[in-house]
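Number of protein chains: 4
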Amino acid sequence: MKISFKNDYSEGCHPKILEALMATNLEQQDGYGLDEYSLKAKQIIVDKLQSPASKVFFVSGGTQANLVAISSFLKPYQSVISAETGHIFDNETGAIEATGHKVNPARSVNGKLTKETVQEVLDAHQIIPHQLMPKVVYISNATEIGTVYNASELKELYEYCQSKHLYLYMDGARLGQAIMSASNDLKFDDLAKYTDAFYLGATKNGGLIGEAIVINNPALHEGFDFVLKQKGALLSKGRLLGLQFLTLFEGDLFFELAKVANDHARMISKAFKENGCKFWAETQSNQIFPILDNDKIEVLAKDFDFYVWRKLDNDQSAIRIITSWATKEENLEKFVVKVNELK
Amino acid sequence: MKISFKNDYSEGCHPKILEALMATNLEQQDGYGLDEYSLKAKQIIVDKLQSPASKVFFVSGGTQANLVAISSFLKPYQSVISAETGHIFDNETGAIEATGHKVNPARSVNGKLTKETVQEVLDAHQIIPHQLMPKVVYISNATEIGTVYNASELKELYEYCQSKHLYLYMDGARLGQAIMSASNDLKFDDLAKYTDAFYLGATKNGGLIGEAIVINNPALHEGFDFVLKQKGALLSKGRLLGLQFLTLFEGDLFFELAKVANDHARMISKAFKENGCKFWAETQSNQIFPILDNDKIEVLAKDFDFYVWRKLDNDQSAIRIITSWATKEENLEKFVVKVNELK
Amino acid sequence: MKISFKNDYSEGCHPKILEALMATNLEQQDGYGLDEYSLKAKQIIVDKLQSPASKVFFVSGGTQANLVAISSFLKPYQSVISAETGHIFDNETGAIEATGHKVNPARSVNGKLTKETVQEVLDAHQIIPHQLMPKVVYISNATEIGTVYNASELKELYEYCQSKHLYLYMDGARLGQAIMSASNDLKFDDLAKYTDAFYLGATKNGGLIGEAIVINNPALHEGFDFVLKQKGALLSKGRLLGLQFLTLFEGDLFFELAKVANDHARMISKAFKENGCKFWAETQSNQIFPILDNDKIEVLAKDFDFYVWRKLDNDQSAIRIITSWATKEENLEKFVVKVNELK
Amino acid sequence: MKISFKNDYSEGCHPKILEALMATNLEQQDGYGLDEYSLKAKQIIVDKLQSPASKVFFVSGGTQANLVAISSFLKPYQSVISAETGHIFDNETGAIEATGHKVNPARSVNGKLTKETVQEVLDAHQIIPHQLMPKVVYISNATEIGTVYNASELKELYEYCQSKHLYLYMDGARLGQAIMSASNDLKFDDLAKYTDAFYLGATKNGGLIGEAIVINNPALHEGFDFVLKQKGALLSKGRLLGLQFLTLFEGDLFFELAKVANDHARMISKAFKENGCKFWAETQSNQIFPILDNDKIEVLAKDFDFYVWRKLDNDQSAIRIITSWATKEENLEKFVVKVNELK
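Protein chains in written order, with this note's numbering: chain A, 1 to 343; chain B, 1001 to 1343; chain C, 2001 to 2343; chain D, 3001 to 3343.
Since the hints were derived computationally from the structure, they do not count as laboratory data. Quick caveat, the model's predicted, so the values are computed rather than measured. A hint or two may mislead.
[To be verified] Derived BS3-like pairs (lysine-lysine); straight-line CA-CA distance at most 25 Å: (1) D:LYS3006 to B:LYS1164; (2) C:LYS2016 to D:LYS3016; (3) A:LYS40 to A:LYS187; (4) C:LYS2115 to B:LYS1311; (5) C:LYS2115 to A:LYS75; (6) C:LYS2006 to D:LYS3040; (7) A:LYS16 to B:LYS1334; (8) B:LYS1273 to A:LYS40; (9) A:LYS75 to C:LYS2311; (10) C:LYS2040 to D:LYS3006; (11) C:LYS2164 to B:LYS1311; (12) D:LYS3115 to A:LYS311; (13) B:LYS1343 to B:LYS1278; (14) A:LYS48 to A:LYS193; (15) B:LYS1040 to B:LYS1187; (16) A:LYS164 to D:LYS3311; (17) A:LYS115 to D:LYS3311; (18) B:LYS1006 to B:LYS1040; (19) A:LYS193 to A:LYS259; (20) B:LYS1302 to B:LYS1259; (21) C:LYS2311 to B:LYS1164; (22) A:LYS75 to A:LYS40; (23) A:LYS164 to A:LYS135; (24) B:LYS1302 to B:LYS1343.
[Stated by the list, open to error] Across the chosen pairs, the derived CB separations fall in these ranges: (25) C:LEU2039 to D:GLU3282: 56 to 62 Å; (26) B:MET1022 to A:SER51: 31 to 37 Å; (27) D:VAL3308 to C:GLN2043: 53 to 59 Å; (28) B:ASP1252 to A:GLY276: 56 to 62 Å; (29) C:ALA2124 to D:ASN3091: 40 to 46 Å.
Using N, Cα and C, we set each Cβ at its ideal position, and we do this for glycine too.
Between the sequences and the hints, there should be enough to build the whole structure, so can you do that?
What follows is the structure in structure tokens.
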């Protein structure tokens, strides 16, 4: 059995979550998110955001979070702008379009949107009513290529969106890792200040399943619980989600685990760098994209699982390595040894 | 804190499931349902159904199972027939309509559809192309009022559907309880013989979350995995679902738990009956609908949680009591004592 | 060739419309409803309604008008209430559901909704968020069985809707005939006072094609032109619609033609009545539903085309006879002669 | 009043159509496309295509034709490939996405798709089931920039689609003009051989409104009439459409009018060319895209209406000039005189 660096959802969850599930298992709790653990976890998240007007909704996965949120925020004639590399544009099987809405691709810079690239889309949508009205700007943080938005980038984009009457929505499948990026100055409560809504991923950062949708803009609260139920996202045993987020957020576990994932990534990135390797995208969170000769990729692939991400030419490709809180130290070391042998 | 008989999802899951999660927690497994536990659980279900051509897909909830399945089976101009008491008609926030399809209400007999009541809908849909073409017949087993389909009822309905080129789809949120109903002769492998597709509920019968969609008719297999992903139903950590179904189905745990739930219900039903109580619907599975004077309902409500289901007149209402595998014996006894005191 | 009383769209249009088309045919006009005829016709309709805040949009058919309007007015989790006999519930091939919204059937009284029957639907939708939020009340005037809303009925229903935060929308495929019903006191400008939106049908009252959607409530104006285009309802040669409505509304032609249709219907209704015939629904506009012995239906069917509407028992059925402005006097006379011979 | 070259729908229809409407106006005809004129027109089209298995459906506009056809052809998890310049990608207000389907943009070559550019999209959709399955290839002929597919280009693309199990669908808003292009060898009956379905536009070539959807592939026939009604595309007075297509196709009027439009365009194109003008796209049908200095555009704009299509740099832009069968000779001459004065 190979050691896998394919993704950050290969293992189960942090042991404390299983302990919490066991400790409370036979208690009777109300269903549909009205259990005491969900209520408490939501309050803690709102408190840590210092945003009492925000509302929190737990769902089971990222595609679900995106489709529920975006379809709830848009009117029939409105669309969502995404980086051409954005997860909703190309990796969620048309989930947004299946709710009736177009995803407008925008040029991305290091996987990120800027006010300039969003403005390009607006400029190209001036023929009324023959073109859709873009209304939501979708960004991922960390992005699909592991880069992160710093505080000033996010603030600038949000202020631009405000000025254009656009909603800014952040896909936070790896938001913990983005926040804890060594190169980042974005703070957790900035998310309430500089987005209209975002989701916070637990699946890839310590949870078994679960994402927390946080809606900061009160104009987007109305009817959200109906849409959750309508799209099949309202779990009857909401306690499963509540207990996970409670475990991750009542202390700092969520942030600590993300930091571990990033530290692991930096260790691997450093090994490649010291061996003269170039990168397809900068290592800012827990994804690493080294560029390797194909024969060296084959050597690595004997013992390790990972994706070959982009064929760059006939000789070289970028591979994707992902680390997590659960990556075992001994496996990291084995990998680094093998990287050193590639020279 | 009152003792709750409001539903069968107030507690967590059977302890063996938590044990299995703990035992395998830090193993690396492939994502999106390709983990070894999901694969094994699916094979066991297919084996127990004696239906090698059937395919199994795990999802996280019942509304999700229904909307994924029905929207996958229908063409844009086709509709689904449901009992007017059916869960998809009135309790899933328009989930089916949100996928673009009408739910045609049919008259129900004890919560069940018959070939006669389905035929009434077909007879009323003869104006082509001004009316939709009904194509799927949706039934719940156990039904929303706790009644069950026996083998001959199901067989007759299925053969009728075959003759009319209709697909028969069964919502099995409480399918274990239906199968294990004392009054029932339906066997597990009849589900493969007499339905085109069905789902098998774990959430209300020992699981933490999870429903298994089983598609028997190969004509309905194509593209199903795409639709799962598109509707946000494909969990990255599919192991969570796989391990639960494996635990429930590798032995007979699933059936044993359902039997316990039904036994609990019969105990309560007997108490009401011995006290001269009438019932709004016959107790065939784990739901009990005794009819009580309003003042007696108030007495019961002091110590117990349950729903007042239907106001019958100014003096009387039917209440709904639900039991499960997790109902504690001591709570059952307390409840029976209180029922005896109502006289 | 039989004489047809099957519907009020068997003939073309009033000759003045063809004259207007010919007179303006080779003029250059702007497209998409910005031609001078559309603009002028819209202004005239708004003026006659004495409702300067209303906006008018022309579309080509009734199902299109309904689906554009209702899908534009509803949020994803909202539904529309219709009489169980309503056209959108059963005769438009699931057009509303195809836009993602459920149609909630309500009990009807003489084909009409009342505040009591709407309230019944609201009462049955109290389980939040497991049931949809009804938001639009759809009525047809004249109804599908030819009855009409008088001023006080409409006012009462509208005020009730206001009090419940519901929008009242009227399908006016035969609105001219309803307004001109001999038994009616509803005035044209009442439509602006007592509905949030309605559509006004030309196809069945003098036009070649065309319905005018009038939106009185400014809260429903936003984005409507986008939705028109999105649903394929915005004609590039909008002049075709504009010229028709201009011809029908610059004088009183629209109302005169409706009166003729109703007069024709009364003439036929009278003939049946004088021959001792009973009616399945009262003749208030241009639809007549006499109840006849099946052998007499066969006699009539030798020379005339009409629908057998409802089988009442083994011996009797209700037939539907429809008249229009275009029904020829000689055909009316032939029909009356034949009715008199039925005795 | 300026002379307009903005589009080919500024005028009404060919006078023969109005004559046909007048001559048949008060005849009684069956509704919903069952009138004798629609039936006859459909038969003539099928005969001219030499394709007895093809079925023809009349609708009122191009966006409507596209959304009805594409949503009928696709399963929920399938998408349609369009040139990035394709009308459905950017000029129909998300009409396709509103039916639940993504439009995948493909690189275009002179506004056209080739097997290479379609293959690029397929290559980028290999992650199953996380990406959609492209199933329909949408092309426009003439394209949105006036270029046309010749017989070998269309044949090659069709055969490629066959080999990849893709349906080829052609938007023929200006199909007459494409067929009659002086540079083209495509014959009318090639459309039945080399497409699975297409639509044939009358609105921009002699009709008042109306497009004829022709479905050659019998696998795509099923249920199409239901979808027409569901999307609001089935006119009750179908005679309006039938009579137009009968007038255009019982002789060669449709083709003659298209030839006139193209001849007019060549006359204008020649004038620009002789004045040393370059073109943004080659003039192959009735659209001309000359590149002009901005001050010269201003001069032209004093007397003529047209669109400035693309700003090329600070000094120059491409304008769009469209001619039609209805363009008056005197206006053409005035325009050519003005072009000659630009030097």
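Indices of hints not satisfied (ascending) = 1, 5, 7, 8, 9, 18, 20, 22, 25, 27
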